[in-house]
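Novice: What follows is the residue order along each chain.
Protein chains: 2
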Amino acid sequence: MGEMIGTLYGVGVGPGDPELMTLKAVRIIGAGDVVAYFSKRGKAGNSRTIADKHIRPTAEQIRLEYPYTTEIPVSDPRYTAALDKFYDDSANRIDERLRRGQNVVVLCEGDPFFYGSFMHLYDRLNGEHETEVVPGITSMSGCWTRAGTPMTRGNECLSVLAGTIDENQLVQRLENCEAAVIMKVGRNLPKVRSALSRAGLAERAIFVERGTMSEERIIRLCEKPDDRAPYFSLVLVPGRQAGQ
Amino acid sequence: MGEMIGTLYGVGVGPGDPELMTLKAVRIIGAGDVVAYFSKRGKAGNSRTIADKHIRPTAEQIRLEYPYTTEIPVSDPRYTAALDKFYDDSANRIDERLRRGQNVVVLCEGDPFFYGSFMHLYDRLNGEHETEVVPGITSMSGCWTRAGTPMTRGNECLSVLAGTIDENQLVQRLENCEAAVIMKVGRNLPKVRSALSRAGLAERAIFVERGTMSEERIIRLCEKPDDRAPYFSLVLVPGRQAGQ
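Residue numbers (my numbering), protein chains in the order written: chain A, 8 to 251; chain B, 8 to 251.
Quick caveat, the hints were computed from the structure, so don't treat them as lab data. What you are looking at is a predicted structure, and each value in this text was computed from that prediction instead of being measured. It is possible that part of the hints are untrue.
Some chain A residues near chain B, calculated using beta-carbon distances under 8 Å [as the list claims (entries may be wrong)]:
no.	residue
1	Glu26
2	Thr29
3	Tyr73
4	Tyr94
5	Pro142
6	Ile144
7	Ser148
8	Met158
9	Leu165
10	Ser166
11	Leu168
12	Val178
13	Arg180
14	Asn183
Built from N, CA and C at the ideal position, the CB exists for glycine as well.
Taking the hints into account, I'd like the entire structure generated from these sequences.
Specialist: Structure, rendered in structure tokens:
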């Protein structure tokens, strides 16, 4: 008999509302011997909260807690080193279970291959283990749905931009699309606002905070009085045809 | 007592695999008095096939069959007129049921607000009726998952482009992004290929036909010998960091 080897599952659990999980996600989570999830220090882990009632009571749960890097600038090599070590350690913990023949489900907010931390585990484990990924509703789909905003029609192009990039680059990219989503807004909101203004898109922009979650807040960006934005916020710019 | 008025639901059923429907989609489809779906002439209607086993046996089904416009060039005003009339007629059929107090579920492939025909009904009916939209897994998420291809990380931007736009415009937009998805490939494949080449992205491009469906086909675009592509095909260009 050969060695028993488990399968690694990367399962998208969607943007927040537990009812936006897919049937496939629910089935695979419910069958997992081990359920792993990322979380920030001191937090419950959003993906775990979303999937909570589908996790087997007997499943081992592995909490993958991000190292505390907020004091280190992103450009500092120590930042990358700390994260690399964290992903190496996390992959090792999962690898150990897979080699025992256990199936390991990694819960992923939104969609596993669209930003997000799962890809770092996938890079490290995919070559050596059976892997299956289950797509999830992205946060941007959840947000434009809740905002009641058709995004793209016909020939319109959509640019998904990170609020972390340089303001001039943001402006240039905003000028070259019909519809846009700006992710990773958080503390970048003043820069994002300014870039939207310079690109002539400020009027159309909609700010969405915690879309599909219970504390959801949706407001036209030009009516938002302050520049406070949690990590789970994004800005939508619907395509021009979308208001027709 | 006031007039009984039904609710219009636009429900995303995902990219093809019925297990990629959300719990919310299943619940709402199962409760629908009337289930409407778009289909091409002579076809079963993909969204209806995906949702089939969740539709109530007693539900009225409304087939919204696209007018036969393939002989009319898209730029011809008769093309737009034929489609406008079709959407008007479809909205009227739905409006009639809503006014009777019935709930009407419109099945949408992928996500209702991301391309797709539902938005034409939403424009016509949203002002007058209660409306609820349920997001769905997009075809692009389904395709990059099946291709095993992480798409975007960190600061990377994703451009979603329509294969129907002008080749020079395609090249320019491809040159200004890290990751790209080209939708609506179909008969535009030779142009899409040429644009990817000119933008220096031909090597990274992956062709996906009927992603997540039983006849799925995934191949590096440079290894695809012919230029045949069905309507349900797209091209993925993963971000440069995605291969790390």
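Novice: Are Asn183 (chain A) and chain B close enough, Cβ to Cβ, to be under 8 Å, as the hint says?
Specialist: OK, holds: Asn183 (chain A) within 8 Å of chain B, min 6 Å.
Novice: Just to be careful: measuring from the Cβ of Arg180 (chain A) to every Cβ in chain B, is the smallest value less than 8 Å?
Specialist: With a minimum Cβ separation of about 6 Å from chain B (threshold 8 Å), the hint on Arg180 (chain A) holds.
Novice: Quick one, is the Glu26 (chain A) hint okay against chain B at 8 Å, beta carbons?
Specialist: holds, 4 Å
Novice: Next item in the hint list is Ser148 (chain A). Is there a CB on chain B closer than 8 Å to its CB?
Specialist: Ser148 (chain A) check passes; min Cβ-Cβ to chain B is 4 Å, inside 8 Å.
Novice: Under 8 Å is the threshold here; is the Cβ of Met158 (chain A) close enough to any Cβ of chain B for the hint to stand?
Specialist: holds, 5 Å
Novice: Using Cβ atoms only, decide whether Val178 (chain A) comes closer than 8 Å to chain B, and label the hint accordingly.
Specialist: Because about 12 Å separates Val178 (chain A) from the closest Cβ in chain B, which is outside the 8 Å limit, the hint is violated.
Novice: With 8 Å as the cut and Cβ atoms as the points, is Ile144 (chain A) at the interface with chain B?
Specialist: holds, 5 Å
Novice: Can the hint on Ser166 (chain A) be confirmed by a CB-to-CB distance to chain B that is less than 8 Å?
Specialist: Constraint on Ser166 (chain A) satisfied, holds at 5 Å.
Novice: Regarding the hint that Tyr73 (chain A) lies at the interface with chain B, is the smallest CB-CB distance below 8 Å?
Specialist: Hint on Tyr73 (chain A): violated, closest Cβ of chain B at ~15 Å, above 8 Å.
Novice: Regarding the hint that Leu168 (chain A) lies at the interface with chain B, is the smallest CB-CB distance below 8 Å?
Specialist: Check passed: Cβ of Leu168 (chain A) comes within 5 Å of chain B, closer than 8 Å.
Novice: Under 8 Å is the threshold here; is the Cβ of Pro142 (chain A) close enough to any Cβ of chain B for the hint to stand?
Specialist: holds, 4 Å
Novice: Can we keep the Tyr94 (chain A) interface hint, with Cβ of chain B closer than 8 Å?
Specialist: Nearest chain B Cβ about 12 Å off; hint violated.
Hint violations for this structure: numbers 3, 4, 12, all remaining hints satisfied.
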